[in-house]
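Engineer: Work from the hints to combine the two standalone chains into their complex.
What follows is each chain in one-letter form.
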Amino acid sequence: METILSAPLLATNEEGYLKNYTEWTEEWACAIAAEHNIDLTAKHWEVLQWLRAKQAEGVALSLRKVGNSGIVDIKQLYALFPGGPLKISSKIAGIPKPASCI
Amino acid sequence: MTDTLEVVQSKTTTKLNKKESYPVKKMLIICSKGKLEDVYAALVMANGALMEGIEAKMFFTFFGLEALTKKYADNLHTGTTGNPALMHGVPDMIKGLPGFESLASYMMRKEMDKLEIPHVTEFFQMIEAGGGEIYACRLAADMFHLKKEDFVPEVKDIITVGDMYALAEGQGTQIIFI
Chain A
1 METILSAPLL
11 ATNEEGYLKN
21 YTEWTEEWAC
31 AIAAEHNIDL
41 TAKHWEVLQW
51 LRAKQAEGVA
61 LSLRKVGNSG
71 IVDIKQLYAL
81 FPGGPLKISS
91 KIAGIPKPAS
101 CI
Chain B
103 MTDTLEVVQS
113 KTTTKLNKKE
123 SYPVKKMLII
133 CSKGKLEDVY
143 AALVMANGAL
153 MEGIEAKMFF
163 TFFGLEALTK
173 KYADNLHTGT
183 TGNPALMHGV
193 PDMIKGLPGF
203 ESLASYMMRK
213 EMDKLEIPHV
223 TEFFQMIEAG
233 GGEIYACRLA
243 ADMFHLKKED
253 FVPEVKDIIT
263 VGDMYALAEG
273 QGTQIIFI
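These protein sequence lines map, in sequence, to chains A and B.
The C-terminal residue of the first sequence carries number 102 in the numbering used here, and the numbering is unbroken.
The C-terminal residue of the second sequence carries number 280 in the numbering used here, and the numbering is unbroken.
In isolation and in its complexed conformation, chain B is listed as follows (with noise of 0.2 Å):
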C-alpha cells in the first residue's frame, strides 16, 4: 500500500516538475440555447478568446439558432420560470404571468447597456472582425425551416456536424457547448 502510494506521489510530483505549458489554441463553441445569458456566455467566450490570440469557432444549433436570426438576434429573451437565482424567493407563478419574460428581458438588456456590453449583432461584427468564424447547424436549420438570408450576415455557412467536427482540428483545440 505504501509503495503504491509512493509511486503515485513520485509520479505526481515528476508532472509538477516539468514546466511544460500546453496553451489553448484553439475555441470551438457550441450554443444549442437561444436564452440571452447563454448567448451572451457562448459570445464572450468566442470574443475573449480571439482578444487572447486564440483562434475561435462557433457552431450554433437548435434554439441557439434563434441568436443568428436577424429578426431575434438583437432582441433575446431570459427565461424567467424554472430559475431559482433569478429573482430569488419569487415563485414560478408569479415570474410565469404574461408579459413577465419580457420585462425581465428588457431589464437585463439595459443592465449590459449600462457595462457596454454589446448587442449581439455588434458582438458578431466583433466576432468576425477578428477573425472568428460563425456556423450554423444544418440540422436545425431544417427543422425551424431556416436558411441563409435568415440568418445575420456574419454567419459563415451552414454545415454538418461531420463539417464541426472538422472546425475543431489541431492540436490544442477545445470544445465548449452550451
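In isolation and in its complexed conformation, chain A is listed as follows (with noise of 0.2 Å):
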C-alpha cells in the first residue's frame, strides 16, 4: 500500500490519538504509522481491524487482550509495532490510549 505522508486534518488529543474513532480513515493509519516508520502489512491491518472492532464492542483493551486474540501472539505484536505495541498499535487504529497496566 502506498503510504501517504500528510495525515487527513481530524481532531486529536495532545498525544495524538484521535478525539473520535468513526472519524478514522485508512488513510490517516498510514500516515501515523509513517510518523512511527511503520509499512503497515496485512497482518498490520487485522490487527488494527480487530482493535477497532473491540473498541466498537466497548472492551478494555490489555497487551494480554491482543495476545490472546488469535491474530497475533504478543511477540509478535512487539514486531509489528516496536516501541509500544499497544500504545502505538491504538493510535495508529484511532482508539483511545489503552487505560491498561497490563
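Bear in mind the hints are in silico, worked out from the structure with no lab data behind them.
None of these values were measured; they are calculated from a predicted model.
Be aware that one or more of the hints could be misleading.
Chain A regions said to be covered by chain B (calculated; three or more residues, Cβ under 8 Å) [claimed, not checked]:
(1) 59 to 66
(2) 73 to 87
To list a few chain A residues with every Cβ distance to chain B over 12 Å, as calculated [to be verified]:
(3) L10
(4) K19
(5) N20
(6) T22
(7) E23
(8) W24
(9) T25
(10) E35
(11) L40
(12) T41
(13) W45
(14) A53
(15) A56
(16) I95
(17) C101
Quick reminder that beta carbons are idealized off the backbone N, C-alpha and C, glycines included.
Structural biologist: Okay, structure coming up:
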C-alpha cells in the first residue's frame, strides 16, 4: 500500500490520539504509521481492524487481550509495532490510548 | 543571604526553563522478595516498561528466587502477619493461625483473576515476548540449592552481581530494588 505522508486533518488529543474513532480513515492510519516508521502490512491491518472492533464493543484493551486475539501473539505484536505495541497500534487504529497497566 | 537566595533562584529557574528531556531507556528491576505482592510489583513494572518501549531486565535474588521456580511460581503467598494494611484491625495472632496465609493468598489471586492479571508464569512469557530478560542470582541459587532446571524456562541465566551491573550498562538506566 502506498504511504501517504500527510495525515488528513482530524481532531486529536495532545498525544495525537483521535478524539472520535468513527472519523478514522485508512489514509489517516497510513500517515500515523509512517510517523512511527511502520509500513502497514496485511497483518497490521488485521490487528487494527480487531482493535477497532473491540473498541466498538466497548472492551477495555490490554496487551494480554491482543495476545489472546488469535490474530497475533504478544511477540508478533511487539515486532509489528515496535516501541510500544499497544500504545502505537491503538493510535494508528484511531482508538483512545488504552488505560491498562498490563 | 539575599544574594545567595537570588543565585539559588536564578539557578533553579534556568533549570526549569531548559526543556531537555531525558527519558528512561532501560529498567533493571531487582526482586529480592518472594511475596505475591512484591513479585507482582516487579512483574508489572518490567512488563509496563516494555509496553512503553523501555528495555527491561529482571534480576531475582534471595527469596525472590521462589517466583522463578517451576514449583512455586504460580502458587506464591502473601504474608499475613506483620502487615497492618492487610485486614486492618485484625490482630496478628489471628492472622497467624494455620491456613490463614493460604486462604488470604488464594483470595488475593482470585481477585487478580477477576481483573485478568496474568499468573506469574504467563507474566514471564509476556516479558520474554516483549524482549525483556530474566536472570537469577548465582549466590542465592547456590544458597537455596537451586539449579537452572528448577527454574521456569524464561530464566536466561544464573549470574553474579557483577554480571547484573553489566545489565544496567548505558545512559538512561534506572535500577529498582524490591
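Engineer: Minimum C-beta separation from A53/A to chain B exceeding 12 Å: can you confirm that?
Structural biologist: Given a closest Cβ separation of 19 Å, the condition holds.
Engineer: Would the least Cβ to Cβ distance between E35/A and chain B come out above 12 Å?
Structural biologist: holds, 14 Å
Engineer: Is it correct that the beta-carbon of W24/A has no partner in chain B closer than or equal to 12 Å?
Structural biologist: holds, 22 Å
Engineer: When you look at the beta carbon of L10/A, is every beta carbon of chain B farther off than 12 Å?
Structural biologist: holds, 24 Å
Engineer: T41/A: least C-beta distance to chain B exceeds 12 Å?
Structural biologist: Check passes; 19 Å lies beyond 12 Å.
Engineer: Are there at least three residues in the stretch 59 to 66 of chain A whose beta carbon sits under 8 Å from a beta carbon of chain B?
Structural biologist: This one holds; 4 residues, not fewer than the three required, reach chain B with a Cβ under 8 Å.
Engineer: Against chain B, does T25/A keep a CB gap of more than 12 Å to every residue?
Structural biologist: holds, 26 Å
Engineer: Determine whether the non-interface label on K19/A survives the test: each CB of chain B must be over 12 Å from its CB.
Structural biologist: holds, 23 Å
Engineer: Beyond 12 Å from every Cβ of chain B: is that where the Cβ of L40/A lies?
Structural biologist: About 19 Å separates L40/A from the closest Cβ of chain B, which puts it past 12 Å; holds.
Engineer: Are all beta-carbon distances from C101/A to chain B longer than 12 Å?
Structural biologist: violated, 6 Å
Engineer: Taking the minimum C-beta separation from I95/A to chain B, is that value above 12 Å?
Structural biologist: I95/A clear of chain B: closest Cβ-Cβ about 16 Å, beyond 12 Å.
Engineer: Can the stretch 73 to 87 of chain A be counted as covered by chain B under the rule of three residues or more with Cβ-Cβ separation shorter than 8 Å?
Structural biologist: It holds: at least three residues are needed, and the stretch 73 to 87 of chain A offers 10 whose Cβ sits within less than 8 Å of chain B.
The structure fails to meet hint 17 from the earlier list, while all remaining hints are met.
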